[in-house]
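**Student:** Protein chains in written order, with numbering that gives the first Met the number 0: chain C, 0 to 481; chain W, 0 to 438.
Derived from the structure by calculation, the hints contain no laboratory data. Nothing here was measured: the structure is a model prediction, and the numbers come from that model. Accuracy of the hints is not assured; some may be wrong.
What the hints assert, rightly or not - Okay, the calculated beta carbon distance ranges per label pair: (1) W:Y99 x C:F115: 37 to 45 Å; (2) W:R111 x C:R341: 42 to 50 Å; (3) W:S115 x C:Q12: 32 to 40 Å; (4) W:K202 x C:I336: 27 to 35 Å.
Glycine is no exception: its CB is placed at the ideal position from the N, C-alpha and C atoms.
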Amino acid sequence: MFEICDKVLNYAQLLGASYADIRLIIRETEFLYTKNGKLEDYILNKEEGYGVRVIVDNGWGFASISNLNKENIEKVVQKAISIAKASSKVRREPIILAKEPAYQDRWTSTYLIDPFTVPFETKLNTLLEIDEILRKEPAIKIAEAEMRFRKEHKYFANTEGSKILQTTVVSGGGYEATAIDENDVQKRTFPMAFGGQFMQMGWELIEGLKLKENAPRIASEAAALLKAKEIEPAKRDLIIGSEQLALQIHESCGHPSELDRVLGYEENYAGSSFITVDKYKNMHYGSHIVNLVADSTLPNGLGTFGYDDDGVKAQRFFIVKNGLYQNYFTNREFAPIIGDERSHGCNRADHFSSIPIIRMINLSLLPGDSEFDDIIAATEDGLFVDGVKTWSIDQMRLNFQFTCEIGYRIKNGKIAEMVKNPTYQGITPTFWQSCDMIANEKYWKPCGVINCGKGQPGQVMMMTHGAAPARFKNVMTGIVKN
Amino acid sequence: MIEKIAEKVFKISKAQQTEIMFYHNVEALTRFGQNQITQHVESDNQSMTIRMLDNKRTASISVSNFSDSVIEKAVEQLYNILKMQIPDERLSDLPENLKYISEAKKSESFARLDESTRAEYVKESIDYLIKESSIGAGICSQTNSTITHITNKNYFHTYHDWKFSFSLSAKNNYGITREEFNGTTLEKFNPEELAEKCIYSLKLLKDKKKIDAGKYDVILTPAAFAELLLYLFYFSFSAKAYHEKRTFMVNKKGQQIFSPLLTIIDRPRTDEGPALFYDFEGSPTTNTVLVDKGVCNNLVSNKYYSKILNIPNTGNCLSPTTLDCYPLRPEVLPGKKSLKTMIEESDNVLLINRLHYLNIIDPLTLMVTGMTRDGVFTIEKGKITKSTNNLRFTESILTALSNIEELSSDTYECEYFLGFMNVPAVKIKNFNFSSVTDF
Numbered sequence: 000m001f002e003i004c005d006k007v008l009n010y011a012q013l014l015g016a017s018y019a020d021i022r023l024i025i026r027e028t029e030f031l032y033t034k035n036g037k038l039e040d041y042i043l044n045k046e047e048g049y050g051v052r053v054i055v056d057n058g059w060g061f062a063s064i065s066n067l068n069k070e071n072i073e074k075v076v077q078k079a080i081s082i083a084k085a086s087s088k089v090r091r092e093p094i095i096l097a098k099e100p101a102y103q104d105r106w107t108s109t110y111l112i113d114p115f116t117v118p119f120e121t122k123l124n125t126l127l128e129i130d131e132i133l134r135k136e137p138a139i140k141i142a143e144a145e146m147r148f149r150k151e152h153k154y155f156a157n158t159e160g161s162k163i164l165q166t167t168v169v170s171g172g173g174y175e176a177t178a179i180d181e182n183d184v185q186k187r188t189f190p191m192a193f194g195g196q197f198m199q200m201g202w203e204l205i206e207g208l209k210l211k212e213n214a215p216r217i218a219s220e221a222a223a224l225l226k227a228k229e230i231e232p233a234k235r236d237l238i239i240g241s242e243q244l245a246l247q248i249h250e251s252c253g254h255p256s257e258l259d260r261v262l263g264y265e266e267n268y269a270g271s272s273f274i275t276v277d278k279y280k281n282m283h284y285g286s287h288i289v290n291l292v293a294d295s296t297l298p299n300g301l302g303t304f305g306y307d308d309d310g311v312k313a314q315r316f317f318i319v320k321n322g323l324y325q326n327y328f329t330n331r332e333f334a335p336i337i338g339d340e341r342s343h344g345c346n347r348a349d350h351f352s353s354i355p356i357i358r359m360i361n362l363s364l365l366p367g368d369s370e371f372d373d374i375i376a377a378t379e380d381g382l383f384v385d386g387v388k389t390w391s392i393d394q395m396r397l398n399f400q401f402t403c404e405i406g407y408r409i410k411n412g413k414i415a416e417m418v419k420n421p422t423y424q425g426i427t428p429t430f431w432q433s434c435d436m437i438a439n440e441k442y443w444k445p446c447g448v449i450n451c452g453k454g455q456p457g458q459v460m461m462m463t464h465g466a467a468p469a470r471f472k473n474v475m476t477g478i479v480k481n
Numbered sequence: 000m001i002e003k004i005a006e007k008v009f010k011i012s013k014a015q016q017t018e019i020m021f022y023h024n025v026e027a028l029t030r031f032g033q034n035q036i037t038q039h040v041e042s043d044n045q046s047m048t049i050r051m052l053d054n055k056r057t058a059s060i061s062v063s064n065f066s067d068s069v070i071e072k073a074v075e076q077l078y079n080i081l082k083m084q085i086p087d088e089r090l091s092d093l094p095e096n097l098k099y100i101s102e103a104k105k106s107e108s109f110a111r112l113d114e115s116t117r118a119e120y121v122k123e124s125i126d127y128l129i130k131e132s133s134i135g136a137g138i139c140s141q142t143n144s145t146i147t148h149i150t151n152k153n154y155f156h157t158y159h160d161w162k163f164s165f166s167l168s169a170k171n172n173y174g175i176t177r178e179e180f181n182g183t184t185l186e187k188f189n190p191e192e193l194a195e196k197c198i199y200s201l202k203l204l205k206d207k208k209k210i211d212a213g214k215y216d217v218i219l220t221p222a223a224f225a226e227l228l229l230y231l232f233y234f235s236f237s238a239k240a241y242h243e244k245r246t247f248m249v250n251k252k253g254q255q256i257f258s259p260l261l262t263i264i265d266r267p268r269t270d271e272g273p274a275l276f277y278d279f280e281g282s283p284t285t286n287t288v289l290v291d292k293g294v295c296n297n298l299v300s301n302k303y304y305s306k307i308l309n310i311p312n313t314g315n316c317l318s319p320t321t322l323d324c325y326p327l328r329p330e331v332l333p334g335k336k337s338l339k340t341m342i343e344e345s346d347n348v349l350l351i352n353r354l355h356y357l358n359i360i361d362p363l364t365l366m367v368t369g370m371t372r373d374g375v376f377t378i379e380k381g382k383i384t385k386s387t388n389n390l391r392f393t394e395s396i397l398t399a400l401s402n403i404e405e406l407s408s409d410t411y412e413c414e415y416f417l418g419f420m421n422v423p424a425v426k427i428k429n430f431n432f433s434s435v436t437d438f
């Protein structure tokens, strides 16, 4: 495959590219989705292709094709060059890439059982057994379960001499139980919403998730939510479980820390960031116990790799340390703009047909020192929430509102009645500055995100957020209806 | 090439009935920020879904590699999966005996589009903004896609879709505004005019007023109204959702629940731009009245759910595997007065330019939350007087649509799942804003 890469890069240089890189990807994916006792969708896909990125006359160009036929090489490179020349006519600043050594390397994610060697029947039967358990609860009208697997070989080469082959295996799955009566629709998911838990692992992940064992509990919780009440709007102490906290980290710390957003390059679509350049290394983001670490070396994380799509080696760095803001997610193009000599290695594309853009890598809240029971016991009037249902945040990533799958009132240090549609709202820095208790490492859990959308054309990226439950003081809870 | 692949699949398939759905998408997009082009891409992607039907069992598989070995393996695996499926008596046979190729009547201006013309459009808009000391960001994109549906029962249908979009944000010390153009033809497109509109709105941002959360009468621009309507169309009119009892239509079908000013028609058989004459099950599409003067009378359906619910098949099947059905090309009928007149006749009203990051809290009441963005203005005695901070709304779409007081006579093409939807501006009373943000 590096033969194709060489041809592409040589031809690009011949046509005047001052820089060029290629990502050639061969990817297998499998997706099984059952609904109410039936395999409703199945995708087994094998795709291959490459994307070529060039700089010509200080303009960027990118073109891709979904096959590896050698006769198309010239056409694809010519298109990328032509696009770069058009771009160069509307360019004001020089493109300067942060320096990075050239690497010749191979990197493989860790896994025990290749999920593509597991028989289809085994996968389907697991899903159908879960489906049957969920629908034993009479209130469950829709039972959905799914598994996804991906195996990818990515060849990266650039005109600076890097040649890197990375092989990644991702597995995951989960289910959703929807309870419906005349007045309401409520759902619970396991292990997480939006398809379940995903990691860079093999079939062993599915075996370890205890999917069937948890199905009766999840079905009965969904049914109970139909009878639960909403909480009255008021300010309370809020305890957030790991899964919801992962989303909170993603939306209110991850995205505003992406440097392309900060610099205004996403302004027209997803928005910008309240963490403007003047706040770089100069802002109280959270309370002193808040430590948020970006880490593309995290074992089994979905944002784990040997090298990013700029060819930059994986790194671990603080975004927030002891409450103080430290670093952005950067790439080779934008790091020099804020005076950083080296990229943090966060340029990622979701497909060979997509251009790499700045994406958060794995981002986690470091554990604290509290026992979970002690956090509950220390809370007089509060709300515990978990499970992702609805999320929304403004374009600067300040005002957010989340609704979770399930909530429980906390009264006088004890867990009390269940609450449906538990909702909370806040302003990001105020919220993180109100964090006063974080559970210890026993409760820390990695949560895989497979549906992070960004960019135009839209790209869907994967990453992992680890968190232990944490408490936030005096947060607005409930749905404000005026 | 497609016919050859289909021939190959049909030859090796052991199922009684086999179909392929072939997708080809060419997308080019020029993205700019800080007054310069920052990303500029073109991609060409093809994929195919094969579906088999045998003794009331069905299964499907997707591939995007069309080599003989991959197709042979996929077809063999699919047949094995098919045998494991549970029979469903309500499944319909695959379509047969039709050849229909929708004609792609693209305008000359669309056909001429390439990376140079897109860059030129970007430059024209940016040059205007620079003269006004403003910073521009946005996209200029063109998409050409084709879906070809072939069965082993002599059915062949090709659907062509194409679209052009240009969106422009302008920013200065006062704030940020945004304008966009969407369409299948470029005859009415003028990048400089969009820049001029952005600058006009930017100047209105100068005079700021801080407001609190609460209920306000609002005028939503077509772009803002379209954001709300997306959720209505996604969650409400599907026969599948109705059967699963997860839409408000279960309790409200046939009732007057919206303002009598509101009429919405699903019009896939349009005379302008790409038209869809057969859905992806091979049924003829129909123009369906979804909301008739505030009354929700009809669902959109496909073969499977029309049988179950004993309703007409409206030909709205978007996926023959998951049997999802949604409105294909909705159109909100306009009102009598222009948006300009609506503003001139309003007092104590907020004008909302766009909504941002909506999400559903309750599918039965269509309770949604989201933010305003790119310009919120106060209208006092017929004049835009000040701009305000952005607000979060938490509101039931059912309530909002029952509180419509006026729709504009001018309508716009707004982004939709398949092509565009045609939407006017709307005036809504007592819209619920639940919190405010810092800018």
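**Student:** So, for every hint listed, does it hold in this structure?
**Tutor:** To see whether the hints hold, each was checked on the structure:
no. : hint                        : in the structure
1   : W:Y99 x C:F115: 37 to 45 Å  : holds (39 Å)
2   : W:R111 x C:R341: 42 to 50 Å : holds (44 Å)
3   : W:S115 x C:Q12: 32 to 40 Å  : violated (23 Å)
4   : W:K202 x C:I336: 27 to 35 Å : holds (29 Å)
The structure is inconsistent with hint 3 alone, although it conforms to all the rest.
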